[in-house]
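Chains as they are written, first to last, in the working numbering: chain A, 1 to 612; chain B, 1 to 127; chain C, 1 to 166.
Some hints here could point you the wrong way.
Below, computed lysine-lysine pairings styled on PhoX-like, alpha-carbon distance capped at 25 Å [claimed, not checked]: (1) A:Lys-580 / A:Lys-159; (2) B:Lys-87 / B:Lys-101; (3) B:Lys-87 / A:Lys-580; (4) C:Lys-163 / B:Lys-87.
It should be emphasised that the hints constitute simulated quantities derived from the structure, not laboratory data.
Keep in mind the model is a prediction, meaning the values are calculated, not measured.
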Amino acid sequence: MQHLWLIPTLPLAGFLLNGIAGRRSSKAMINIVAIGSVLLSFIWVVKTLMALGDLDQTYIERYFTWIQSGALNVGFDFAVDRLTAIMLLVVTGVGSLIHIYAIGYMAHDEGYYRFFAYLNLFMFFMLILVLAANYLLLFVGWEGVGLCSYLLIGFYFLKRSATDAGNKAFIVNRIGDFGFSLAMFLIFRNFESLDFGTVFAAAAQKPEALLTTIGLLLLVGACGKSAQIPLYVWLPDAMAGPTPVSALIHAATMVTAGVYMVARSAAIYTHAPAALHMVALIGLLTAFFAATIGLLQNDIKKVFAYSTVSQLGYMFLGAGVGAFSAGIYHLVTHAFFKALLFLGAGSVIHALSGEQDLRNMGGLRHKIPVTFWTMMCAAVAIAGVPPFSGFYSKDSILLAAYHHAPWMYWVGVITAGMTAFYVFRAMFLAFFGTYRGHEHPHESPPVMTVPLAILAVLSLAGGYFAKVPEFLGKLFPTAEEPHDITLVAISVIAGLAGIALAYLFHVARPGLADSLTHNFTLYRLVYNKYFVDEIYDAAIVRPVVDGSRTVLWKGVDAGLIDGAVNGIGSNARGLGGLLKLFQSGNIRSYATWVVFGSVFVIVALAVAGGLR
Amino acid sequence: MSGVPVSWYLLLSAVLFALGVAGFLFRRNVITVFMSIELMLNAVNLSFVTFSYQLRQVNGHLFTFFVMVVAAAEAAVGLAIILTVFKNRGTLNIDEVSSMKDELPREPEQPVKTVETVDITGPLVKT
Amino acid sequence: MDVFLFLLFAIIAVVCAINVVVQTHPISSAISLVGVMGSLAVLYLLLGAEFIAAAQVIVYAGAIMVLFVFVIMLLNAGSEVRRGRSIVVQLLGVPLLIAFLGLMAYFVQRLYPSAASVKFGAFRGGTALAVGRALFTQYLLPFEVTSVLILIAIVGAIVLARKELD
Numbered sequence: 001m002q003h004l005w006l007i008p009t010l011p012l013a014g015f016l017l018n019g020i021a022g023r024r025s026s027k028a029m030i031n032i033v034a035i036g037s038v039l040l041s042f043i044w045v046v047k048t049l050m051a052l053g054d055l056d057q058t059y060i061e062r063y064f065t066w067i068q069s070g071a072l073n074v075g076f077d078f079a080v081d082r083l084t085a086i087m088l089l090v091v092t093g094v095g096s097l098i099h100i101y102a103i104g105y106m107a108h109d110e111g112y113y114r115f116f117a118y119l120n121l122f123m124f125f126m127l128i129l130v131l132a133a134n135y136l137l138l139f140v141g142w143e144g145v146g147l148c149s150y151l152l153i154g155f156y157f158l159k160r161s162a163t164d165a166g167n168k169a170f171i172v173n174r175i176g177d178f179g180f181s182l183a184m185f186l187i188f189r190n191f192e193s194l195d196f197g198t199v200f201a202a203a204a205q206k207p208e209a210l211l212t213t214i215g216l217l218l219l220v221g222a223c224g225k226s227a228q229i230p231l232y233v234w235l236p237d238a239m240a241g242p243t244p245v246s247a248l249i250h251a252a253t254m255v256t257a258g259v260y261m262v263a264r265s266a267a268i269y270t271h272a273p274a275a276l277h278m279v280a281l282i283g284l285l286t287a288f289f290a291a292t293i294g295l296l297q298n299d300i301k302k303v304f305a306y307s308t309v310s311q312l313g314y315m316f317l318g319a320g321v322g323a324f325s326a327g328i329y330h331l332v333t334h335a336f337f338k339a340l341l342f343l344g345a346g347s348v349i350h351a352l353s354g355e356q357d358l359r360n361m362g363g364l365r366h367k368i369p370v371t372f373w374t375m376m377c378a379a380v381a382i383a384g385v386p387p388f389s390g391f392y393s394k395d396s397i398l399l400a401a402y403h404h405a406p407w408m409y410w411v412g413v414i415t416a417g418m419t420a421f422y423v424f425r426a427m428f429l430a431f432f433g434t435y436r437g438h439e440h441p442h443e444s445p446p447v448m449t450v451p452l453a454i455l456a457v458l459s460l461a462g463g464y465f466a467k468v469p470e471f472l473g474k475l476f477p478t479a480e481e482p483h484d485i486t487l488v489a490i491s492v493i494a495g496l497a498g499i500a501l502a503y504l505f506h507v508a509r510p511g512l513a514d515s516l517t518h519n520f521t522l523y524r525l526v527y528n529k530y531f532v533d534e535i536y537d538a539a540i541v542r543p544v545v546d547g548s549r550t551v552l553w554k555g556v557d558a559g560l561i562d563g564a565v566n567g568i569g570s571n572a573r574g575l576g577g578l579l580k581l582f583q584s585g586n587i588r589s590y591a592t593w594v595v596f597g598s599v600f601v602i603v604a605l606a607v608a609g610g611l612r
Numbered sequence: 001m002s003g004v005p006v007s008w009y010l011l012l013s014a015v016l017f018a019l020g021v022a023g024f025l026f027r028r029n030v031i032t033v034f035m036s037i038e039l040m041l042n043a044v045n046l047s048f049v050t051f052s053y054q055l056r057q058v059n060g061h062l063f064t065f066f067v068m069v070v071a072a073a074e075a076a077v078g079l080a081i082i083l084t085v086f087k088n089r090g091t092l093n094i095d096e097v098s099s100m101k102d103e104l105p106r107e108p109e110q111p112v113k114t115v116e117t118v119d120i121t122g123p124l125v126k127t
Numbered sequence: 001m002d003v004f005l006f007l008l009f010a011i012i013a014v015v016c017a018i019n020v021v022v023q024t025h026p027i028s029s030a031i032s033l034v035g036v037m038g039s040l041a042v043l044y045l046l047l048g049a050e051f052i053a054a055a056q057v058i059v060y061a062g063a064i065m066v067l068f069v070f071v072i073m074l075l076n077a078g079s080e081v082r083r084g085r086s087i088v089v090q091l092l093g094v095p096l097l098i099a100f101l102g103l104m105a106y107f108v109q110r111l112y113p114s115a116a117s118v119k120f121g122a123f124r125g126g127t128a129l130a131v132g133r134a135l136f137t138q139y140l141l142p143f144e145v146t147s148v149l150i151l152i153a154i155v156g157a158i159v160l161a162r163k164e165l166d
């Protein structure tokens with residue numbers, strides 16, 4: 001008994017302690033509880049994984065029967081296999097680093113204890129999601145992280161934009177959850193169980209049409225959580241939350257839950273090639289689409305947000321072409337360098353006392369060197385420059401894509417080029433040139449820079465050392481692909497070309513970019529994110545809201561229901577008013593009614609045969 | 001032929017009772033109303049005694065006895081009440097003893113208020 | 001003979017009863033009511049109810065009506081002034097009366113065919129002996145209860161009618 005339950009329970013304890021007692025605690029106490037719970041969880045993960053050894057077999061711990069109703073039997077079970085092991089390490093490891101970073105970043109904010117309580121709650125739900133051994137428990141974690149995402153995006157709840165973004169994230173997620181729920185219904189209906197072991201073992205015998213439907217519905221859910229087309233619109237808005245939230249939830253962990261779920265359901269997807277192809281298509285399309293938007297954004301966090309959407313698309317592409325281990329590999333490396341990019345951006349924003357617009361930055365590499373160098377590590381990793389971690393993961397995906405369908409490889413390469421371009425555009429605009437703002441930049445305290453440094457090391461070398469694909473290869477057997485050096489070279493060149501272009505536009509010839517944009521009619525379209533938000537608003541949101549307001553609120557609720565209830569009241573009042581006329585206060589009319597009543601009673605008795 | 005049909009007695013009882021009811025309904029003086037009540041009771045007594053004769057039993061007489069006792073008690077207390085009412089209201093007219101009558105001006109009907117809700121669904125897209 | 005006596009005293013009773021209802025001054029009504037009670041006492045005698053007839057005269061006419069007259073004189077009640085009556089009473093009163101009367105007559109006729117007849121002296125069970133025997137054996141409990149009832153009535157009347165203590 002490895003006591004897996006300790007892993008999520010420690011952050012839960014942290015949430016409860018900080019949530020209940022945090023308001024009156026000192027900052028030091030809050031820090032100890034919050035960081036301690038996550039660090040202890042990480043240590044326990046490491047200890048458990050070392051004790052479990054090879055993990056050839058899935059290690060399951062069953063705690064109690066959660067639901068027992070007719071044919072539905074769902075247990076509260078945790079399972080650890082190789083995929084889980086990787087996810088656990090990423091979630092707790094990167095999570096701990098971000099928690100430590102947040103001590104420094106949130107030091108001057110209101111609601112300090114509330115932030116860490118929510119963060120711990122998020123860790124709890126994410127760990128439940130990862131450890132779950134059946135779809136329903138996974139869904140619990142799924143919903144829970146959605147809730148925490150809403151709470152944390154809207155953390156600055158006095159800002160209208162933050163609360164709107166929180167609403168948007170939750171509502172769009174719900175659309176995905178609807179698909180997920182339908183998939184679960186179908187699974188239960190046909191497999192009579194929601195347990196992973198049972199379902200995956202029986203998947204091969206089920207008809208392909210059924211598995212395709214389930215796969216597509218699961219994909220809908222994954223699109224909502226992992227911000228793929230068409231449900232990605234919440235992620236850029238989610239940048240209204242504090243930067244550690246963006247790093248943890250919207251880069252490293254929550255958004256990867258969709259990829260994790262697809263990888264977990266590999267047994268279903270491998271027997272439903274049409275659904276798997278759809279996964280790849282959506283992933284590729286999203287990667288390309290989001291990269292184009294990211295080229296022109298001016299808010300540093302928005303650039304990285306669209307980058308996240310794009311990189312998630314890569315992960316879906318990897319899973320969709322059958323290379324699940326490649327997709328998860330990219331998930332791990334992406335967690336490192338994207339978290340680092342966001343934390344670094346947070347460090348920049350902190351240094352500039354809240355400035356987020358790239359146009360007001362510049363020349364910061366001398367003023368905040370630690371941030372600069374660590375972010376550079378992440379930038380080269382995400383650009384796919386060998387021999388850093390991003391190169392390995394992205395390349396394995398592109399290779400697998402080529403063998404699936406060559407056109408996908410080419411689109412992926414172009415996207416890789418765009419990725420390099422926009423990341424380095426952000427780097428050059430922020431750190432090179434002359435400073436265009438009015439603040440006094442100062443380096444961040446060590447509590448923020450040390451996690452940056454650790455993540456930088458991981459971005460550069462972590463993927464290589466962990467040997468993730470081989471580790472997962474046992475779980476996801478794929479055909480051996482020949483390592484084609486040409487393809488690799490092309491993708492590397494695309495990345496370097498992107499860097500060079502960015503250098504050209506933003507360091508060597510700064511005015512060139514502006515003159516080009518004025519000649520480019522597409523510029524306005526791309527700059528406004530293809531007006532997707534506006535289209536959604538007009539086509540879906542407005543009709544629903546207006547319909548609700550006129551029909552459901554004013555018509556049904558105020559008219560029918562209130563009318564019925566008030567009507568009962570006024571009818572009772574009317575009846576009472578009628579009966580009141582009997583009480584005239586006139587004794588003689590009372591007497592008359594008495595006589596009248598007695599006559600009536602006698603007649604009634606006589607008619608009924610009472611008086612013989 | 002020298003007997004009186006029983007039904008005649010009962011008819012007489014009915015007529016007296018009816019007259020009692022008439023007095024009870026039509027007279028305004030409260031003492032006269034009381035006396036009408038006594039008339040009704042007497043009519044009923046006649047009924048009881050008639051039936052007692054017809055059944056050749058004495059039980060009807062007992063009933064009459066008790067009715068008389070109760071009527072006496074009721075008359076005593078009732079007249080005491082009339083005295084009190086006269087002391088407080090100064091009138092023996094039962095039409096004037098009607099302070100339970102709803103004579104207050106009725107306030108105009110208040111329209112039922114619906115709860116005013118604040119419309120929070122503003123534009124959801126921040127441009 | 002029975003018939004003649006019955007008719008005489010029945011008519012007296014009815015006329016006095018009508019007088020009770022119709023007279024304006026309460027004293028006239030009271031005296032008429034005494035007349036009703038007296039004729040009823042004779043009718044009781046015809047029915048063989050000696051004890052009841054005596055009780056009627058002594059208790060009803062002698063005590064209760066005297067009480068009524070005392071109260072009328074104490075309150076100095078004057079003649080009633082005829083004024084407009086309430087609409088309800090006017091509309092409903094007379095038809096109700098007639099309905100009542102009709103009902104009564106109908107049922108009386110149905111239940112008791114004219115064969116049975118009352119003869120003076122045919123029933124000898126209404127003596128004081130018979131009444132007393134039934135009263136103290138079969139109707140003992142109601143007897144005791146009415147004793148208490150009278151006590152309550154006395155107390156109530158005294159409490160209600162006394163002068164306010166200053």
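These are the hints, each one checked on the structure:
no., hint, verdict
1, A:Lys-580 / A:Lys-159, "57 Å, violated"
2, B:Lys-87 / B:Lys-101, "20 Å, holds"
3, B:Lys-87 / A:Lys-580, "30 Å, violated"
4, C:Lys-163 / B:Lys-87, "10 Å, holds"
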